Amino acid sequence: MFQDLQSQFLGSTIGGLVAGSIYALIALGYTMVYGVLRLINFAHSEIFMIGTMTSLFILITIAPAAPFTIISMIGILVLLIVASALVSGGSAIVLEQVAYRPLRKKGATRLAALISAIGASLFLQELFALIVIPDVFGKSGRVQQSAPRFIPHEELFRIGNGVVRTDHVFVIIGAVIVMVVLDQLVRRTRIGRGIRATAQDPEAAVLMGVSIDRIVRITFLLGGAMAGVAAALFVMEYENTDYRIGFLLGIKAFTAAVLGGIGNLRGALLGGIVLGLVENWSSIFLGSAWKDVTAFVILVLVLMFRPTGILGESLQRARV
Amino acid sequence: MKGDEVVDGNESPARRGFHPIDGTRDWWADAPQWQRYGVYLLVIVFALILPAPWIGSFMSPDSDWTTVLIFPIGTYILLAVGLNIVVGHAGMLDLGYVAFFAIGAYTWASIGTKYGWSFWPTVVLGIFLASVSGVILGAPTLRLRGDYLAIVTLGFGEIVRITANNTDAIGGARGITNVPHPEPLFGMEFFLDPAPYYYLMLFAIVLVVVFSIRLNKSRVGRAWAAIREDEDAAELMGVPTFKFKLLAFAIGAMIGGFAGTIYASKAVFVEPNNFPFILSATILAAVVLGGAGNLPGVILGAFVVAWLPERFRDFADYRIFVFGAVLVLMMALRPEGILPSRQRKAELREGTGGMGAMGAEVAGPDSEASAEVTK
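Chains A and B, in that order, give the protein sequences.
Read left to right, the first sequence gives residues 1 to 320 (the working numbering).
Read left to right, the second sequence gives residues 321 to 695 (the working numbering).
None of these hints come from the bench; they were simulated from the model.
Just to be clear, a hint being listed does not mean it is correct.
Reference listing, derived: stretches of chain A covered by chain B, where coverage requires no fewer than 3 residues with Cβ under 8 Å from a Cβ of chain B [stated by the list, open to error]:
no.: 1; region: 13-22
no.: 2; region: 71-85
no.: 3; region: 183-196
no.: 4; region: 249-258
no.: 5; region: 286-293
Covered, in the sense of this in silico footprint (three residues per stretch, anywhere, with C-beta under 8 Å from a C-beta of chain A), are these stretches of chain B [as the list claims (entries may be wrong)]:
no.: 6; region: 391-402
no.: 7; region: 417-427
For each label pair, taking beta carbons as the anchor points, the in silico distance ranges come out as [claimed, not checked]:
no.: 8; chain 1: A; residue 1: 180; chain 2: B; residue 2: 460; range: 35 to 45 Å
no.: 9; chain 1: B; residue 1: 441; chain 2: A; residue 2: 7; range: 35 to 45 Å
no.: 10; chain 1: A; residue 1: 240; chain 2: B; residue 2: 487; range: 26 to 36 Å
no.: 11; chain 1: A; residue 1: 161; chain 2: B; residue 2: 503; range: 23 to 33 Å
no.: 12; chain 1: B; residue 1: 359; chain 2: A; residue 2: 240; range: 52 to 62 Å
no.: 13; chain 1: A; residue 1: 61; chain 2: B; residue 2: 527; range: 28 to 38 Å
no.: 14; chain 1: B; residue 1: 588; chain 2: A; residue 2: 6; range: 43 to 53 Å
no.: 15; chain 1: B; residue 1: 374; chain 2: A; residue 2: 131; range: 44 to 54 Å
Given the structure is predicted, the values throughout are model-derived calculations rather than measurements.
Beta carbons: idealized from backbone N, C-alpha and C, even for Gly.
The following block holds chain A by itself, in its conformation from the complex (with noise of 0.2 Å):
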């Protein structure tokens, strides 16, 4: 047991952090439409399984003909990271005028709301599986689909017995980039000032002149364009997806954001890592197959402690 753990923490701990990385990509999505909805957007994860689409389809096009050299890597990595978001920020804003907007203005409730995400959760499972898929890829929409490798999973350096490659740090970095973009765009600009106030008092808000519905749109287009981001760094990391793949992620990333406290921009951030961590560190004692199990026992636990999570809510507080 103690050499297990000798042997492959350092390997476990480099897994985690990547899976911790998109975990928290998508955990941002929840945690800030949570933050001016009040609502799990639960569709939150189909948004995610079209950036994984788009970003396959993407890559079966033009990955086998691109050469493999840095700038052509890099150049694929971006186009894939600006599409994904693109199509999964559009995808959230169509989702939110469809799903969530008729019921905002009928002020129902939000197991309403609830009832009406999964619905739209499981159409749009289904639409992919039965129409997308099979038009667009030519193959059955219930098998995995797998993408073609563009960057090699090359060791780059050694830290003890822990291996890193290429694509580790491209999804590292990838993810870094973006959150911090993201936390200063909430905590610097005019939109990110709309964003928080509404988060804080709507009606109030209302009445400074924010404009809440723009405001809910764009939140829905930055959280889904996360999304996008983290889709495109989970294709290129793990190299297959399929109709169904946001649920589990949906979950962990959901559960990444109640860990580090809904509505906080950078307890995403730090929940998606330590559940990550987490859990690679627990498969080492359990075995894989406990690993899910892992990472809901943590929440529970964190949960009953610390009700708000690990940094507390909300996205109001993000004050400068």
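We have chain A; now place chain B onto it with these hints.
Coordinates of chain B only, in the frame set by chain A:
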């Protein structure tokens, strides 16, 4: 019974104008005792003749109607009535309800195959184990509220499923095969013929419905209503909120476990994939679609959610697709459900109706939502 309809000044029956559903409900609210019992009798007679083939040929032309009545319809109704206690009455959001169903099913499947116990005492054990697991989950987590509770229960549902998947003692991913049928009862043989199972299921539903109604009209039900409307105010007024929330959770779990044991005895084969998250979501959808808190609505919702995919088996591939779209559409058109609870409707008008409005909704009060997490 008459006094508990909430009718405020602007909503007296005379002023409301005629509406087919509302009209029936007004009549029901004022109906004398003998008329009510007449309706109960009609409903029970209807339920008894429901498996008749001439009804089945219309209701489910592509599969055996009596079997469809047991699963999914009867099972969904039983589960929805149980979940309604947690969500509709006590106002707690439970996304892992299927865990208790699984615990009930696994109790009978493993005890029946390994130790050869009789089914009838095992039902009681299944109900007991489900309620114990409800208390084990509820005791540490019920001071969480709303969405935090939702995600923890969702996690619990997944923990139970993954644990079943990884535990070889209960068959692991392969599940348990050859689950025995119940022993004969009052001369009814439980074997291949689905009819006895249907009557067993019917009996279970009637039992649970009566239990649920009596409970909701008791002091316990009023405590739940208080908690649902405003937990802090209820606590200040001396309602031991934690105790009553735990009670609601445990009772909901009991009913889930009950449904699970019956299901396992009919299904013959139990595996972890029978208990996915989507089943929890479907049952919750049934409760909300029908009208959370209103028992006839909840039963109607469960029936619709269970029956529609069976009726339209021609579109078998597309049924989840359509189901998702219908959920979105229904929530946009009638966010309170098909037959909303009048009591909750009145609460909704004056406030947040327990679940809280969405944020960024200028028309609705947001105070409850933000107060929720600051505690």
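Each hint tested on the structure:
{"no.": "1", "hint": "13-22", "in the structure": "violated (count 0)"}
{"no.": "2", "hint": "71-85", "in the structure": "violated (count 0)"}
{"no.": "3", "hint": "183-196", "in the structure": "violated (count 0)"}
{"no.": "4", "hint": "249-258", "in the structure": "holds (count 4)"}
{"no.": "5", "hint": "286-293", "in the structure": "holds (count 4)"}
{"no.": "6", "hint": "391-402", "in the structure": "violated (count 0)"}
{"no.": "7", "hint": "417-427", "in the structure": "violated (count 0)"}
{"no.": "8", "hint": "180/A with 460/B: 35 to 45 Å", "in the structure": "holds, 36 Å"}
{"no.": "9", "hint": "441/B with 7/A: 35 to 45 Å", "in the structure": "violated, 51 Å"}
{"no.": "10", "hint": "240/A with 487/B: 26 to 36 Å", "in the structure": "holds, 28 Å"}
{"no.": "11", "hint": "161/A with 503/B: 23 to 33 Å", "in the structure": "violated, 59 Å"}
{"no.": "12", "hint": "359/B with 240/A: 52 to 62 Å", "in the structure": "holds, 57 Å"}
{"no.": "13", "hint": "61/A with 527/B: 28 to 38 Å", "in the structure": "violated, 60 Å"}
{"no.": "14", "hint": "588/B with 6/A: 43 to 53 Å", "in the structure": "holds, 48 Å"}
{"no.": "15", "hint": "374/B with 131/A: 44 to 54 Å", "in the structure": "violated, 38 Å"}
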